[in-house]
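A.B. asks: Since the structure of chain A is provided, determine the placement of chain W on it from the hints.
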Amino acid sequence: MEVELRGVSKAFDGTTALQPIDLTISSGSFTTLLGPSGCGKTTLLRLIAGLERPDRGSIRIGDKLVFDAERGIYMPPQQRELGMVFQDFALWPHMTVYENVAFGLKARGRGKEASAQVARAIEAVRLQGFEKRYPHQLSGGQQQRVAFARSIASQAGLILFDEPLSALDALLRDEMREELVQMVRELGVTAVYVTHDQTEAMSMSDTIIVMRQGEMLQRGKPEDIYHTPVHPFVARFVGRSNWIEADRQLVRPEHVQWTAQPEARTFTGVVTRVSYLGDRYEVTIKLANDSIWTAYHHERIAIGDQVQVAVAKQHIHSLESASDLEAPSVKQEEQYQLKEVINR
Amino acid sequence: MSKSYRGELRFPATSWLMLLAFLLLILLVGVPLVMVLLHSLFPDSVFDMLAPFKVLSNPGLFSYFWNSIVLGAWVVLGSTLLALPMAFLSARTTIGRHAWLDVVLIIPFMTPPYIGSMGWILFMQRRGFAEQLFPAAAKLTPHFFSLFGMVAIMSLHLFPFLYLILRNALQRIGGSLEEAGSVHGGGVFYMLRRVVFPLLLGSYAMGALLIFVKTIAEFGTPATFGRQIGFYVLTSEIHRYTSNWPIDFGTATSLASVLLGACLVFWYIQNIISRRYQYNTLGGKGMRTRILPLRGWRAVLGWGYTIGLLLLSIAIPYFSIIATSLQKLRGDGLAWHNVTLAHYGELLRPGSKGWQALMNSLGLAGIAATVAVLIGLFLVLQMGSMKRWTERGLDMLSLLPNTVPGIVIVVGLILFWNAPWMPLPIYNTYSMVVLTYVVFYLPYSVQYIKASASQIDGSLLQAGKVFGGKPLYIFRRIALPLLVPGVLAGWMMTFTISARELVASLMVLPPSMQVTATYIFSQFEQGEVSLGMAMAVVSVGFTTLVLVIMNHLGADRK
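Which chain is which? The protein sequence lines are A and W, in order.
Residue numbers for the first sequence follow our numbering, so the first one is 87 and each next one is one higher.
Residue numbers for the second sequence follow our numbering, so the first one is 2 and each next one is one higher.
The shape of chain A in the complex, shown without the other chains (with noise of 0.2 Å):
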């Protein structure tokens, strides 16, 4: 079921939530909204589903124009037809599983085809045997599958997720992230899903939209977000850059080597810390230009020593028209510093 937002955009007491926006989500693809904190994305999703209302534009999900402020549509929620994740899963605590799952069919008359369904969806998410409980009796792993039971069990095109998997522990979190992709591949369905964790983002999906402030920065497979970044933050938020100009120019960690190839790139720096992570050590380099890189090595190195390393040409990304682009600004970029040490 396609997507289709044209010139959407949404303020809330008159703070900008979302600048006016463009974006086709395609049939059975899985689509991810990246961001830090406030950057929209959640809003986004809810003006798909229709849990706030935009300001301007138009939606339209599938055949149906769900939203069209000229013409004063707007759907609501209830008959959009869609399938949605909420991040602390908002299951219905009075309810059993059972009644949780067959809500969405029985809530649009649909009662009939109630059971058949609802035994199709627990099957789906390995739950079987558990329909008379109640989500407090379920492990947290079993109540994120209750969720997603239940936003595919009316069988809608489109499934919506508000960071799905945030409220679990990072074992969990793991697991339960490829089991999705797989259940949502299996089904065929569009999944529009938003998280603030670049792994997640990476490892799931087709598309990713980076956005930051209300606004989309970038849209690209994770191949591309990752290796061709267009804006200075979504290299900074994708992933480690190695600035060789600022917000211009930049090489990613792995590609840091530390013997020089015919036609590289040389450096020299001061190594500043070294931590072993394991299969590697990560070395901090401090170059000549007060730059601070990321490199790896297999073996340790001393704190302090000089060093040469080297980058291939093929390897620098240049951003095209970085002049264009605002630098973000000082606070932002020690914001994302922190992020990166706590990503580690």
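If you're looking for bench data, these hints aren't it; they were derived computationally from the structure.
Incorrect hints may appear among the rest.
Listed next, the stretches of chain W that the computed footprint assigns to chain A, with coverage defined by at least 3 CB atoms under 8 Å from CB atoms of chain A [unchecked claim]:
#: 1; region: 454–465
#: 2; region: 477–491
What the simulated footprint calls covered on chain A by chain W, stretch by stretch (three residues with Cβ under 8 Å from a Cβ of chain W suffice, anywhere in the stretch; the number is not a length) [what the hints assert, rightly or not]:
#: 3; region: 159–166
#: 4; region: 190–196
Note that beta-carbon positions come from the ideal geometry of N, C-alpha and C, so glycine has one too.
C.D. replies: Relative to the frame of chain A, chain W by itself:
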């Protein structure tokens, strides 16, 4: 990212219903209170700003006011002396592991004060149970009928309230704050003085002021014990001026205004204190409180105190009431041959006066509880997210009857509904009694239902929308079932306390009609005390049974 999207719990979302909610509350609560104030400012149909104060310049009337204040102060002291050691024992020693204690210690608070006072009177009066059990006590018992006795009875009724507040505060202070103190070199007394007491002070001040306000607003004990010893306070005198000849509504409303003013002033002080001196002593981490193991003389002392307290606050009044209710002839005293169930037989004989009073009570309380939860549910649904001032205003107005002494509300309701221009002739009918109960106990319904509502996360209702539920369907299938526990709790509380309510019943019941509370009251004053006490047992027993059953049902639902 954890934004919470709240405020979807409003059904249906129209503003004229908000207006209706305000009108309803103003009619039920606002206007009657304004009537009290207005009436006291126009003593002889002439405006006199100072009229309420003139009342105080009358030495006789001033003494009522002064007695109320003195009584309040003594009861605060009495409750503190009773509650503080118990709170310490429960929070910091192994006695606290006995969870049943918390349930048992609530009993005095849940006992209607007029019934507790009657128990004490029966115990201490001449040829009462104290003298029958210990003839030597005859020398001491007459001294009980004094301000001391009244303070003791009221303190024994109100201390559980302060106990709970102090115990929670002590538990919150937690071991680590004290350990930090001792690591940094403080001795035991230094630490009590510098760490524990300052942290406790905010909670204590709050609890003490609440006790004070509850004492000066209390009617049951002054009406029973106070009158017997000639200690007159505002509440008992307001009642006298409105119901005994010569009736003087002017003086009554002035006294009511004074009482209302005093209560509001103390509530306000309480509010300031609780905002300024409440420390957030509850850490996010699991708490380790230091638990003192009790051994040897400490165990004797600790358990001795606990058992003594339970004896005084529960055993003595209940023993007196139950024993009296079982006596054939009160003159024959405590003896097996003097035991009879005849009084209960008389009460439970359909058609007897007692039976009628009982049925009246249950019927009125049931109707009042049902009306109160319906209004409460309606109000809570209009309060939505409590963000707008209208929603907060609605909340405040609906909780007002909890702040204002019951007798003031009754006087206001009588002034309003008995006014010559009032077109609805409900005064002197059943409806007036139901209305009074509803106004009295609306805050309970609102509080309980609001607590349920606040647990419903906005996303639960949004999920309902996304999965295709229409507003009515979402309300019926999601919001209402989640509100049911609050509605049940509100109904149960309202039913229980309405069924025992004394002051409202005394003042607004139609002349020929009785409920359990007035029946007990009149039998005790001038009738068969044993019958009255049997009714007290039935009334307390039945309402407790309802509480237990409803609690049990509520526990099953989760």
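A.B. asks: Each of the hints needs a verdict: does it hold here or not?
C.D. replies: Status of the hints after comparison with the structure:
1. A count of 6 residues in the region 454–465 of chain W with a Cβ less than 8 Å from any Cβ of chain A is obtained; the coverage claim is therefore met, three being the minimum.
2. A stretch counts as covered by a chain when three or more of its residues have a beta carbon under 8 Å from one of that chain; for the region 477–491 of chain W and chain A the count is 4, and the coverage holds.
3. Chain W is given as covering the region 159–166 of chain A, and this holds because 5 residues of the stretch bring a CB closer than 8 Å to a CB of that chain, at least three being needed.
4. Residues of the region 190–196 of chain A lying with their CB closer than 8 Å to a CB of chain W number 3, which satisfies the three-residue condition for coverage.
In summary, this structure violates none of the numbered hints.
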